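Colleague: One-letter residues, chain by chain:
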Amino acid sequence: MPPGDKKPLNRLEQIQVLVLDGSAHAADLLREVFVKLGFSNVQVVNDGYEGIQSMKKKTVHLVFTDWELRVRKKRPLGDDEAAPTAKDILPLSGTEFVKRLRQSPHSPNPFVPVVMVVNQDADAPSAKARDAGVNEIITKPLQADELCRRIMSLIDDTRHFITAESYKGPCRRRDPKPLPAGGTERRKRQVRLVRRKEFKSI
Amino acid sequence: MVQAKNQPQDDEVIAYEPDRTIRELIGTDIELTQIFTPEKIAACQKTIDSARDTFFDVAGMDLAKLEAFVQNPAAAANTAAFDDIAALAGNIKGHAELFGYSLVAAIGTHIVDHCEPGARTPEVRLRLIADLVKMLHIAIKQKISDARGALGRELGASLRKY
Chain A
1 MPPGDKKPLN RLEQIQVLVL DGSAHAADLL REVFVKLGFS NVQVVNDGYE GIQSMKKKTV
61 HLVFTDWELR VRKKRPLGDD EAAPTAKDIL PLSGTEFVKR LRQSPHSPNP FVPVVMVVNQ
121 DADAPSAKAR DAGVNEIITK PLQADELCRR IMSLIDDTRH FITAESYKGP CRRRDPKPLP
181 AGGTERRKRQ VRLVRRKEFK SI
Chain B
1 MVQAKNQPQD DEVIAYEPDR TIRELIGTDI ELTQIFTPEK IAACQKTIDS ARDTFFDVAG
61 MDLAKLEAFV QNPAAAANTA AFDDIAALAG NIKGHAELFG YSLVAAIGTH IVDHCEPGAR
121 TPEVRLRLIA DLVKMLHIAI KQKISDARGA LGRELGASLR KY
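For the protein sequence lines, the chains are A and B, in the order given.
My numbering numbers the first residue of the first sequence as 1 and each following residue consecutively.
My numbering numbers the first residue of the second sequence as 1 and each following residue consecutively.
Okay, chain A solo, but in the shape it has when bound:
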């Protein structure tokens, strides 16, 4: 069916959303909110390990993760050992999860767009989230208009995905401006552009 034949309300049906939140109540609410927006394929998991496993089994187009998560400490994400026990779980920041998603050679999709919801009173959460490679950041308390603004921004994001020695993720220069007169470019490295069809094999 050509895109023009779709009703606006059904446009989000094909988008697979993965929500990660350590609190079951918060995760349930987030699922409800996404469904209200029209995303009918919303999967909820409570920790990063489950998130990675879920992405290996099923295509995910959008990841929505909390700043804090629980992941299995004795199990590196991506290997195939026996399932860990409850004792193997400890809290780990959502930024660590995103870093592993972006940088691990076992990552099911390093390019997937990620929205992270952070605590206002945490220690520099936005900078840490950005450096981990998230696309968009939402500050708690959760507000529907802010959530939608970030999702819309992410969908039409024109920033390139950067792979460098110390960083993988969307370009952190959100609004590239020409250098002022006499200014010097801090980025000394040579930039090589890669086309979209070459994505899969990274």
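Everything labelled a hint here was simulated from the structure, so no lab data went into it.
All clues stand as given, with none of them false.
Here are some chain B residues pointing at chain A (derived, C-beta under 8 angstroms):
| # | residue |
| --- | --- |
| 1 | V13 |
| 2 | Y16 |
| 3 | E17 |
| 4 | D19 |
| 5 | T21 |
| 6 | I22 |
| 7 | R23 |
| 8 | G27 |
| 9 | V58 |
| 10 | G90 |
| 11 | H95 |
| 12 | F99 |
Just so we're clear, the structure is a prediction, and the values are computed from it rather than from any experiment.
Beta carbons are placed, not taken as given, at the ideal position from N, Cα and C, and that holds for glycine.
Knowing the structure of chain A, use the given hints to seat chain B on it.
Modeller: Here is chain B on its own, set in the frame of chain A:
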């Protein structure tokens, strides 16, 4: 070969074209404001507000389970009990944070921290957790969202001792 081609060489940054998968699935013929309409955003906000209104009732159910754990002296000898306490407190904490209920979230954080094995004995940790659960009880039953009111300030000051 492909791997090598896609790995950054010395002093090189690889810039991939932005991922447009979501836009392609939605279709390029529509403005996003036609999908994320003000009505839809308002309905979402209503869902969030409704959950915020029932937060203290929902948290009260987890609180009752927490109280049952800390009133059981045998829990101190049981490592799994600390995992369960941490899970319940973490659940309350994460839920509270979503709505900006900072005091409840802070007490929840302290409880989770004391569940981690450390220098203190399990008996001492359980006693500290029991004190924190009492504070959580007051915060939840009195529906105190932050440390700005008189009782909130008092609880916030007490929390700093832990």
